[in-house]
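J.: Residues per chain are reported as follows:
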Amino acid sequence: MAKIEDLKEEARKLLREGKIKYVIGYAGASNGWMACPIFIKKPEDVEKLVWDPTCVHNLSRFLVDEKRRKEREKQPDKRPVGVFVKGCDSRAIVVLLQEKFIERNDVYILGISCENGGVVDEHRLAGKLEGKKPKKVEVGNKGQFVVTTADGKAEFPVEELLAERCLECRASFPVISDILSGEKLKRTVEKPFGSVEKMEGMPKEEKWRFWKEQIDKCIRCYACRSVCPMCYCDECVVDSINLAVSADTTAEEKADKVKWIQRSAESSENFIYHFVRAIHLAGRCIDCGECKRSCPLDIPIRFLNKKLEKEAKELFGYDVGFDPAQPSLISSFRDDDPEDFIR
Amino acid sequence: MDHNVYIPKLAKIIQVKEEVGGARAIKTFRTVFANGQGFDHRCGQCAMLSVFGKGESMISVSSSPLVKDYLQFSILKMGRVTSALHEMEIGDLIGIRGPYGNGFPIDDWKGKNLLFIGGGIGLAPIWSVLQTALTRKEEYGNLTLIYGARTSKDIVFKEELADLKSRMTVHLSIDVAEPEWQDFVGFVPQNVLDKKPGPANMIAITCGPPIMIKFVVKALKDLSFEDEQIYTTVENKMKCGIGKCGRCNIGLHYVCKDGPVYSWAELKRLPQEY
Amino acid sequence: MEKILEKRSLQSWVKKLDSWTIYAPRKDENGRWNYGIVQSDSVGLDFTVTTLPPKPLIFPQREVFLEFLKTAGENQETLEVKEVLPGEKPAVILGVRPCDARAISFLDQVFSGDFVDPYYWARRKKTILVGLACLTPPWENCFCLSAEGSPHSEDGLDILLTDLGDRYFVKTLTESGDRLVNEAKALFKEPRPEDKKKVKAVHAQAEQKIVRAIKGAKKDVAAKLKGMFNSPLWDEESMSCIRCGICTYLCPSCHCFDINDEVDSASPLRGKRVRTWDNCQFPDFTMHSSGHNPRPDKASRLRQRIFHKFQYFVEIYDETMCTGCGRCISLCPVGIDIINVLHKVNDHGS
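Residue numbers (our numbering), protein chains in the order written: chain A, 4 to 346; chain B, 347 to 620; chain C, 11 to 360.
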């Protein structure tokens, strides 16, 4: 079983020796029962780190911020940052490495295996608790989830509370790490694309109705984009200004920036936003599910990305985020490509 | 309900003059309101100009309030709206709403010597004060202009400046030497230190790139000016112009409404968010 | 006036209000509450807290300011600019939490003053707010008492309902509120002395149940913040911020906006000028056309959110631009907790 204590000891040592700038990990939140990201600079604060099934966040997202910070600072501290990763999160780092957005020595990876578990889904848990507020979620000695409420402890089989993406996860352990806690358990997932297949089976009209209703809810807070480690572009189709604009950018370049998407949160614009984003994540999304979890209106954005993951798998046999040396989906080419035009 | 603050009035462009060409082009536009309705502005106030289909941009009125026949705007080509404005010709219609902002407290300056210090397009916001003071010369003391640009080609109001030399003291500068250039070579703050204007009964009004303003103020402080004697204008990204959309604030000041004119004494008390 | 409405008469009352569009909280398949148009037979008030406050019903995320049309005439082209004011049917929002109503009273101030916002007021004047007092905090992050509100605050409301079990205690607070009651006079009874007593008691009990609090959220924090503009706190507290718009878009009192032209046809030129919500957490909010950004990082943007709410707004309007609804805390994807941040402000330098 994964032991946070081993990783904490390592983090403490690295900080004490000044080998890393800070550690990105999980801590108990002040606003509820879920863990939240914490940034630890001092060895004595390592004690605050926690590991439980509420550690949902993909902390590799913050490597993007660290890169930006270094770019902004005149004399940046170039030491690596330590980051706690689950299996899915580690694959996001693989993609960042593959795309050469970060370097391997920018990061010290503290891997933690979910083994046969994963993280809880808030809505599923709320459904089970029937109005009672969770205070704590732990993994029991038989691998079950133990939920503490004001009424005491209740136990649930993991399948009943796991986030959907965890139920479809094919690699519950970090594929890349500097130190790993927990076992690299192979797990068999009968239907890795089960949730998408269910949706694929819907009649066209029903599918349209479903997505129209979902996309119409969008308020364009961009939490899905903001929480995503792959959404690191300086130039994004939805922004009013290209964030890479500098004093040297000509007025013409700025004036000619096409407004593909209006700011208005209307059906047409929202659809383009979510579709453009999904397509830009094809072969890059590692299904950490953070987009879906962060959405304040519960738009099931994950399905869009999962669908493209499925396409990539079926058409090109492409698995995302397992090998930093692997070429990206978009930049790779094979003689037996299913499309004629490319051959 | 009273007049809708967000609806611009239509105005016709009656004159377009190219001040500076090239990548950092500047053009001066004169406009008259299509329906004769106008507005009375104060020196240093701004107006929101519309190019319909492109959007709005906040531009300072460079003509004097004493001129009633037209409104003048000198505009640096910078982004979407200003590029569209640069495409416009005589007879084209734009939208104008305003005037916005506080303006310069010129009535408080009566009897004082005025020192204008500008760089590049920064001459535009102080031009209205300068013109007003010139027209009412008897109400003010000595008038002096120290103005500079990157090259001689980047100087705005070239003809007006030539004419100005007979009516007030004018010190021009360019950043790097050119064969034909007779005046000062160097940055504007250096020219200020070179000309050594004294602070006695003087108000200094400076406008230009932020880095220039910073060093002009330093130069003026070296010349023993008090913070209260130095005035400048600030710009931030603006959308509504009326202190509601929330983006142009520096501390609790909305630049569109409470600015853009600040004395250095006031600006020093505000956080550096511009 | 003070009246009693039997709970079973709620739908009959709403049925009488056919001159208004009725909005009330509705639950979606994920268990979230949000306002929607309801028919009288589906009206109920057993909700907790809506994900979006009622704000968008008065200050919608998108609204058209004007339409423009360029037409080529014989001698010259003409440009027509037409003001577009909202013309919806008057509305009643049923089931407004007191914190959200107070926030609307703040918006009233922002959209008044030297420049009156005609779009905001066109809707506001035609909207009647029927509040529901909170008897238990709708969720764990409520802190209205610290924000100088209360679970039974009347600010901004036209009517305040208090749940007394089988009946609502109805207190009208404005003429519009009276009018709404008078539409169905027969349904409303005079309160008994014990009803009045019970209202007082449940209101007092409700205050006791609020757990989260900030000391001196208005005066002390505002004074403290004055000297904290350059504090390292903002960098530390914003480390986990992902710069999304949840805390601001879902805030009942945040009101920053953008104005853009949307072109429907390039030739002849035809389009609209629209206002949309915007927010201080997006990097492009303050970025100049030149690329210069006065708020270039997450730290300066978090600082702006806190300063606007707890310093600038306090200085200008003598209120915190926060009513303690708890949305920004409960819905933040990374657990940034404004109460915690303000605790640290309070502790700063001590």
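Please keep in mind that the hints were generated in silico from the structure rather than gathered at the bench. From a predicted model like this one, the values you see are computed outputs, not experimental measurements. Even glycine gets a Cβ: it sits at the ideal position worked out from N, Cα and C. Incorrect hints may appear among the rest.
Said to hold, decoys possible - Not everything, but these chain B residues come out facing chain C in the computed CB check (under 7 Å):
| no. | residue |
| --- | --- |
| 1 | N350 |
| 2 | Y352 |
| 3 | F379 |
| 4 | G384 |
| 5 | F385 |
| 6 | K585 |
| 7 | Y620 |
J.: If you test the structure against every hint from before, which numbers come out violated?
T.: Checked against the structure, the hints that fail are numbers 3, 4 and 5, while the rest are satisfied.
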